[in-house]
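Novice: Below, each chain spelled out in residue letters.
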Amino acid sequence: MSRAARPSAGLFRRYLREMVLPHPGALALLGVNVALRAALGLWWPYAAKAMVDDVLVPSLAAHAPFAVQRWALLAAVGVAVLALNFRLQWLFNRLLTRLLAVVAQLTRTRLAAGLLAQSQEFYDASHAGRLLAVALQDPANLTQQLSANIVNALANVAVVLGGACILLHMSPVLALAVGAVFPLMVASFLALRAAMEEQSRVNRESWGILMGMVAEKVHAARVIRGYATEDMESAAFRARATYHAGLNVEQTRLRALYGSLNGLCLHLGYLLVFFVGGELYLRGRATLGTLVAFNGYVTSLYPAVLQVCLLPQLVSEASGSLAKVYELLDRGPTVANRAGAPRLAGRIEELRFEGVSFRYGEHGPWALRGVDLRLRAGERVGVVGPSGSGKSTLMALLLRFYDVGGGRILVNGRDARDWDLASLRGAFGLVAEDPLLFSGSLRDNLRFGRPGAPEEGIWAALADADLEGFVRAQPRGLDSPLGERGLSLSGGQRQRLALARALVASPEALILDNCTSALDAETERRVLGALSRRLEGRSAFIISHRAGAVMGCARVAVLDQGRVSDLGTPAELAGRPGYFRDIVAAQS
Amino acid sequence: MAHGPGRMKRPALSNLGVFLAFEPYFRPHRGRIARWFALYGAYFLAGILTPYAFKAYIDDVLPGPGRGRSACAWCAALGLRPSPEAALGTFCGAYLLYAAGLQALNYWGALGTTRIIEDVVAELRASLFEKLHRLQLRFFDRTLGGEIVNQVTTDTRQLLNLLGGELINVSLSAFMGAVSLAILACWNPRLAAIVAAFLPAYAWLFRRFLPRVHRAARAWRVREDRLWGNWGEKLRGMAVIRAFIRERGEALRHYGLGRASADSWTRMTLEGAAMGSWGGFVAGLSSQAAYAAGCVLVYDRALSLGELVTLTGFITFILAPVQGAFNLVNTWQQSAVSARRVLDLLREAEEDPERHRKRRLTSLRGAVAVEGLRFSYVPGRPVLKGLDLSVEPGERVALVGRTGCGKTTLVQLILGFYPAESGRVLLDGIPLGEIDARTLRRFIGVVPQELTLFSATVRANVAYGRPDAPDAEVWAALEAAQIADYVRSLPRGLDCPLGADSGAAPSRGQGQRLAVARALLIDPRVVVLDEATSALDSLEEARMQRAVDRLLEGRTALIIAHRLSTLRRCHRVVVLEDGRVAEQGPPEDLLRSPDGAYARLARAHAFGDAP
Chain A
1 MSRAARPSAG LFRRYLREMV LPHPGALALL GVNVALRAAL GLWWPYAAKA MVDDVLVPSL
61 AAHAPFAVQR WALLAAVGVA VLALNFRLQW LFNRLLTRLL AVVAQLTRTR LAAGLLAQSQ
121 EFYDASHAGR LLAVALQDPA NLTQQLSANI VNALANVAVV LGGACILLHM SPVLALAVGA
181 VFPLMVASFL ALRAAMEEQS RVNRESWGIL MGMVAEKVHA ARVIRGYATE DMESAAFRAR
241 ATYHAGLNVE QTRLRALYGS LNGLCLHLGY LLVFFVGGEL YLRGRATLGT LVAFNGYVTS
301 LYPAVLQVCL LPQLVSEASG SLAKVYELLD RGPTVANRAG APRLAGRIEE LRFEGVSFRY
361 GEHGPWALRG VDLRLRAGER VGVVGPSGSG KSTLMALLLR FYDVGGGRIL VNGRDARDWD
421 LASLRGAFGL VAEDPLLFSG SLRDNLRFGR PGAPEEGIWA ALADADLEGF VRAQPRGLDS
481 PLGERGLSLS GGQRQRLALA RALVASPEAL ILDNCTSALD AETERRVLGA LSRRLEGRSA
541 FIISHRAGAV MGCARVAVLD QGRVSDLGTP AELAGRPGYF RDIVAAQS
Chain B
1001 MAHGPGRMKR PALSNLGVFL AFEPYFRPHR GRIARWFALY GAYFLAGILT PYAFKAYIDD
1061 VLPGPGRGRS ACAWCAALGL RPSPEAALGT FCGAYLLYAA GLQALNYWGA LGTTRIIEDV
1121 VAELRASLFE KLHRLQLRFF DRTLGGEIVN QVTTDTRQLL NLLGGELINV SLSAFMGAVS
1181 LAILACWNPR LAAIVAAFLP AYAWLFRRFL PRVHRAARAW RVREDRLWGN WGEKLRGMAV
1241 IRAFIRERGE ALRHYGLGRA SADSWTRMTL EGAAMGSWGG FVAGLSSQAA YAAGCVLVYD
1301 RALSLGELVT LTGFITFILA PVQGAFNLVN TWQQSAVSAR RVLDLLREAE EDPERHRKRR
1361 LTSLRGAVAV EGLRFSYVPG RPVLKGLDLS VEPGERVALV GRTGCGKTTL VQLILGFYPA
1421 ESGRVLLDGI PLGEIDARTL RRFIGVVPQE LTLFSATVRA NVAYGRPDAP DAEVWAALEA
1481 AQIADYVRSL PRGLDCPLGA DSGAAPSRGQ GQRLAVARAL LIDPRVVVLD EATSALDSLE
1541 EARMQRAVDR LLEGRTALII AHRLSTLRRC HRVVVLEDGR VAEQGPPEDL LRSPDGAYAR
1601 LARAHAFGDA P
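As given, the protein sequences belong to chains A and B, one line each in that order. Reminder that position 87 of the first sequence reads as 87 in the numbering used here, one-by-one numbering, no gaps. All you need for the numbering used here is the position in the second sequence, starting with 1, plus 1000.
What the hints contain is simulated information worked out from the structure, not anything from laboratory work. Possibly wrong hints are sitting among the right ones.
Stated by the list, open to error - Footprint (simulated), chain B over chain A, 3 or more residues, beta carbon under 8 Å:
(1) 112-118
(2) 215-227
(3) 244-250
(4) 270-277
(5) 285-298
(6) 522-534
Stated by the list, open to error - Computed cross-link-like contacts, DMTMM-like style, restricted to lysine to aspartate or glutamate with a CA-CA straight-line distance of at most 25 Å:
(7) B:1358 to A:231
(8) B:1385 to B:1434
(9) B:1358 to A:230
(10) B:1131 to B:1344
(11) B:1385 to A:468
(12) B:1131 to B:1434
(13) B:1131 to A:233
(14) B:1131 to B:1023
(15) B:1131 to B:1421
(16) B:1131 to A:230
(17) B:1131 to A:231
(18) B:1385 to B:1371
(19) B:1131 to A:216
(20) B:1358 to B:1434
(21) B:1358 to A:233
(22) B:1131 to B:1354
(23) B:1385 to B:1583
Source: prediction; values computed, not measured. Every residue gets a Cβ at the ideal spot worked out from N, C-alpha and C, and that includes glycine.
Pulled out of the complex, with its shape left as it was, chain A reads as follows (with noise of 0.2 Å):
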């Protein structure tokens, strides 16, 4: 990735204009919020100043009588700033919190978005763990470093300037001298920004990797048992964790002597108030309040000073969650709803693949090379074929996961990419071979597709998938949880579980993908029964590698390595020498 353009400051600015911005409100209220403390911080040098040359001094030289009334005023208006300044801060704190609140969670719902409305083929080619961290870790950071630095730092900026113009007043020369610091930490930040930003990525990618890691093998638990390879995993997982420590360390380095130089820098401040202070003081022109006024302004402005110089430290590091953040918001879904597109509503009456080809990735091999293929309404299509030889591929093009990468396919005679995607994809229920179940109650799984779906439904699903009497002999019925990716259910039931859920949802055409493949002969029996009584009248694609399962389709499309080799009905393929005739051979 190029880093030439430096685009933090630049994503930044968008951050602020796209979710900061639009609460001009609350924006103001802090404004004015801020500018007010920073009215109230003018106070301070100058009591400082007035009771040294006011109140002490005058006292102390003259054996003069305590002058109690000034004393007591610059106290009583002390007390009362500091109760002002509360009732300020505690506002201010209210407002900026209710703000970030806002603000992150309209981050994570436009992030969610951004994800939900991705292709297939970003999934395809992303890690769960890392999309995990730029969905929540990085709009989590984002707040909390908004809230607990930056914003703050810009409120500390305001009473920082507010007390330089007391400064400025009381003292010009000493002044300038003391702001000729400020020179030098914006040479230091500007000679460590490039540095900090380009660690600040290198740790944010490896803390991807890191959180992928992790996520991978919580996943793959079962199949390290099963090899042995705990100890080469946790090796592995070690050396990255190491790996991740040293860069870590790497970036307080960094950060340590940014903090070091930005330190020395206000030392500096103090040495520059003694030396040119000193110096006025002894040619009488400052008084011995002005030097303690700027002494009390660097003294107790020190954290307010080092919080705006970690400001620009913040915002590069804020920026490498803005950028995975933006980079996922800006990525359009490369399967697009093209605009004004109509509903696909009603009846399917045709759907036709024409010359349709397709790979994965670039480079990859062909999985799909000019497939033609017709579907009626009503009628009922086997496809059949060895495995990799792109049954699978097909339908997800027909779903749109993926676009086409040459032909066409037709739905009702209009290509498919000219549909309302989510119509499409509504017309059709897809069982797929892996059955994806998510973790909630069995009433929730099946209630996927059509959510207020009917209690009746429900189990009439059931009793086709063959679940019935399972759900039932179950003690909180529809109500009982599952498991994470439904795993306390076995294979096959888990296969009829998706199933049922395709049914509930009575889409126009089914397209059952291998969706028996876990069953026994017996079960498998009669969940197709069931299935062709219900079939009756609908258009279905029915994927299968058991010719039985294609047996009471209307024609059967064998193929081969991404081409339709034979075409016909099951009889027909039955009779004649090829691969159908084989598979049938095999198993009987």
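Here the structure of chain A is known, so what remains is to put chain B in place on it, guided by the hints.
Specialist: Okay, now just chain B, sitting in the frame of chain A:
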């Protein structure tokens, strides 16, 4: 879901107790910690000189009303009478040296902190990761993957934030504050008493706000977890969301969960901020009071002017630990929750804590026996109900039965993935309970039902159990699994990373064959194939079967399959029904009893497979 019944029983630890539980991770670094403490302590002590320098400057360097008592006497005693200009120059030079030294200490101290903390955190993360692989597999059944990822990565980082930064800073600044108070007391005890009088106010603030912050922090973590857990699984199930066009519903759900989390975060932050503002107010009041009183003391000649003007600096030091503790409260509460979760994971029941004391298998003939095995995932709902089975070395046994009858559970118990409730598993006549399961698993090649491929190269995936396997053997395993041609067609062959972006997006059938190759490559004595060929068509399966048969010669095999063609090649078929063995024998014998379960299955196949 993370808080299963197993975790509730332990007595609750106090927050401090939770942190102390991590002490062993610091123990190996004792020497470094001591050295670093000395260094950082020196930095904090030297920091006190900053306000003190100003006192010296007003009282001793500059002529005027501040001219003090001590330094002049020293100068006089040494016979020195420096001009004001010379004194100023000397003072400024000394101050410059001091400032440079102070910043050097700051740099090394900060670096030292990170070095120690990062070492500890890396160790902690590695321990957690190792622990994951020692846990009972039930843990993964009831815990969302996203939560675990959160524990290993984010929670440890949260812990680091606390230990690395604030806790140490607060303890050192407490030391610095105590020294400052002592100095103040030397100058004027009354002044010190005024400052100290404000300290109880802080205690009151703590008592008032601490429980609130704690409650809010806890609620926030729980809600945040829900959010992560939901995303963790939804990101993997994106294809389903897409197919069922549930994007909007999921976005809403995410919004709801995020909103709940944001609400808790707001509450927590506001409570913390309120406490901080009150703390700042009290600090300001005490400073004002001390300063006002100081003025009177200066007039009474009980305090020098220099001492008065540096008063604010010292009060800052005295109150710094209290202020720091206020800030710490937020981190502390959040970290305590994180620490607790990390600790929970570290204390989670292990699959086999006694592993190292058990027998290490160095060879296996391959005899597998199961006696009266009972097991249930949910108490009271047994999956296996007293199952008996005996497999000879070299025998090829098919396990068949309806879905959910316990086939997969049986092989998982043989692998020691779950502990039997009663009954036992014997390998070569040795009870499984006496064997270090890891040494056993090296001899068992398993292809689980759930296809797991890593995002790594083809080679790394296939040679997973034997990373040093020579290419020739990897290719032989690929040939046997009938997947070599596919791998040859990939852009970089064995070195092609799996993943759609590199063009290597294996279909399920291809993935299954890669998994079979992986199992064969470790040269196992026992092979467990759990529906390892369900995504292959009959022809491919038959081809693979022939190739695999040669490899299985002399090895014990447990094969879960539904297809008749597969079953026919086995020496024996075992039909499971309702958690027990219903029927077993050579396939051709079983076919002869028409009422038998196997014959029924075969007939079902005839329906399915015949035209």
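Novice: Now look at each hint and say whether the structure bears it out.
Specialist: Status of each hint after checking the structure:
1. Here's how the region 112-118 of chain A fares: 6 of its residues keep a CB closer than 8 Å to some CB of chain B, so the rule of at least three is met and the hint holds.
2. A count of 13 residues in the region 215-227 of chain A with a Cβ less than 8 Å from any Cβ of chain B is obtained; the coverage claim is therefore met, three being the minimum.
3. By the rule of at least three residues with a Cβ nearer than 8 Å to a Cβ of chain B, the coverage given for the region 244-250 of chain A holds, with 5 such residues.
4. Counting residues of the region 270-277 of chain A whose CB lies closer than 8 Å to any CB of chain B gives 4, which reaches the minimum of 3, so the coverage claim holds.
5. Counting residues of the region 285-298 of chain A whose beta carbon lies closer than 8 Å to any beta carbon of chain B gives 5, which meets the minimum of three for the stated coverage.
6. Closer than 8 Å: that is the beta-carbon criterion, and the region 522-534 of chain A has 5 residues meeting it against chain B, so the requirement of 3 holds.
7. The hinted pair formed by residue 1358 (chain B) and residue 231 (chain A) meets the criterion: a straight-line CA distance of about 17 Å does not exceed 25 Å.
8. For the given pair, residue 1385 (chain B) sits about 23 Å from residue 1434 (chain B) by alpha-carbon distance, which is consistent with the 25 Å threshold.
9. Distance hint between residue 1358 (chain B) and residue 230 (chain A) is fulfilled; the C-alpha atoms sit about 17 Å from each other, no more than 25 Å.
10. Between the alpha carbons of residue 1131 (chain B) and residue 1344 (chain B) the distance comes to roughly 11 Å, so the proposed pair stays at or under 25 Å and holds.
11. Taking the CA atoms of residue 1385 (chain B) and residue 468 (chain A), the gap is about 23 Å. The hint holds against a cut of 25 Å.
12. About 21 Å separates the Cα atoms of residue 1131 (chain B) and residue 1434 (chain B), which keeps this hinted pair within 25 Å; it holds.
13. Of the pairs offered as hints, the one joining residue 1131 (chain B) and residue 233 (chain A) holds, with about 12 Å between alpha carbons and a cut-off of 25 Å not exceeded.
14. With a C-alpha separation of about 18 Å, the suggested pairing of residue 1131 (chain B) with residue 1023 (chain B) holds against the 25 Å cut-off.
15. The straight-line distance between the Cα atoms of residue 1131 (chain B) and residue 1421 (chain B) is roughly 23 Å, inside the 25 Å bound, and the hint therefore holds.
16. In summary, the hint linking residue 1131 (chain B) to residue 230 (chain A) is supported, as the alpha carbons are separated by about 10 Å, within the 25 Å threshold.
17. Under the criterion of a C-alpha separation no larger than 25 Å, the hint pairing residue 1131 (chain B) with residue 231 (chain A) is consistent with the structure, at around 11 Å.
18. Between residue 1385 (chain B) and residue 1371 (chain B) the alpha-carbon distance is near 11 Å, which keeps this suggested pair within the 25 Å criterion.
19. At roughly 16 Å between alpha-carbon atoms, residue 1131 (chain B) and residue 216 (chain A) fall within 25 Å of each other, so this suggested pair holds.
20. A hinted pair counts as satisfied when its Cα atoms are at most 25 Å apart, and residue 1358 (chain B) with residue 1434 (chain B) qualifies at roughly 6 Å.
21. Note on residue 1358 (chain B) and residue 233 (chain A): the hinted pairing holds, with a Cα-Cα distance of about 22 Å set against a maximum of 25 Å.
22. Distance check on the hinted pair: residue 1131 (chain B) and residue 1354 (chain B) sit about 14 Å apart at the alpha-carbon level, within 25 Å; holds.
23. For a cut-off of 25 Å, the pair hint linking residue 1385 (chain B) to residue 1583 (chain B) stands: about 15 Å separates their Cα positions.
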